[in-house]
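Participant: What follows is each chain in one-letter form.
2 protein chains.
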Amino acid sequence: MKTYTAHVTVSLRRAILDVQGKTVERALHSLHMPALSNVRIGKYVELTVQAPDEDRARELVDDACKKLLSNPVMEDYSFRLEERVASGAVA
Amino acid sequence: MKTYTAHVTVSLRRAILDVQGKTVERALHSLHMPALSNVRIGKYVELTVQAPDEDRARELVDDACKKLLSNPVMEDYSFRLEERVASGAVA
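For the protein sequence lines, the chains are A and B, in the order given. Quick note on the working numbering: the first sequence kicks off at 18 and runs consecutively. Quick note on the working numbering: the second sequence kicks off at 18 and runs consecutively.
Bound-form chain A, shown alone (with noise of 0.2 Å):
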């Protein structure tokens, strides 16, 4: 059994008005930082994989995502695995 740490990031459709992210662009703007434009916010999920291998851990993620992280309708998911390397003695 392998242990992953998956990163995991939830957005809004393009097509969808990002409310939140327009109203930190306004206050990015009144802070005197015009350079930064198009704020989107979204969710990041951060968890602990236990599978036996890379293929089984990525369904696992994804699963997830489906189910409970992000809405289908109008939310968009990523995510990338990383393999934790165990130090010290496993059992």
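Note that these hints are calculated values from the structure, not bench results. Where hints are given, some of them may not hold.
Treat identical chains as interchangeable: a pair holds within one or across any two.
[To be verified] Mimicking PhoX-like on lysine-lysine, the simulated pairs with C-alpha atoms at most 25 Å apart in a straight line are:
# : residue 1 : residue 2
1 : LYS39     : LYS19
2 : LYS83     : LYS60
3 : LYS39     : LYS84
Given the structure of chain A, go ahead and fit chain B onto it with the hints provided.
Facilitator: Frame of chain A, contents of chain B only:
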């Protein structure tokens, strides 16, 4: 002037209890996904940066993270920049 896309993630410091993460973890377990654990929830911010070079873009995003996007007392942030290659004619 170059255009960059910045991908920023902001998450609670390790030492701070992530109540939202714990709740999501419990939900995953009740959805029969016991292989997923240590869930931590953060924010993901995507934005466009106009800057003469990558160093300056990095400075601008760092500034925005410190002043608005994260709470330095209890959150950590990290970001990566991606240069956007203009397709077609540029002024």
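Participant: If a hint holds in the structure, say so; if it does not, say that too.
Facilitator: So, going through the hints one by one against the coordinates:
1. With identical chains, the CA atoms of LYS39 and LYS19 are at most 25 Å apart between copies only, with a shortest distance of 22 Å across copies and 41 Å within one.
2. Proximity of LYS83 and LYS60 under a CA criterion of 25 Å is satisfied in both settings, with 14 Å inside one chain copy and 19 Å between copies.
3. In this assembly of identical chains, LYS39 and LYS84 lie within 25 Å of each other by CA distance solely across copies; the values are 17 Å between and 28 Å within a copy.
The structure shown violates none of the earlier numbered hints.
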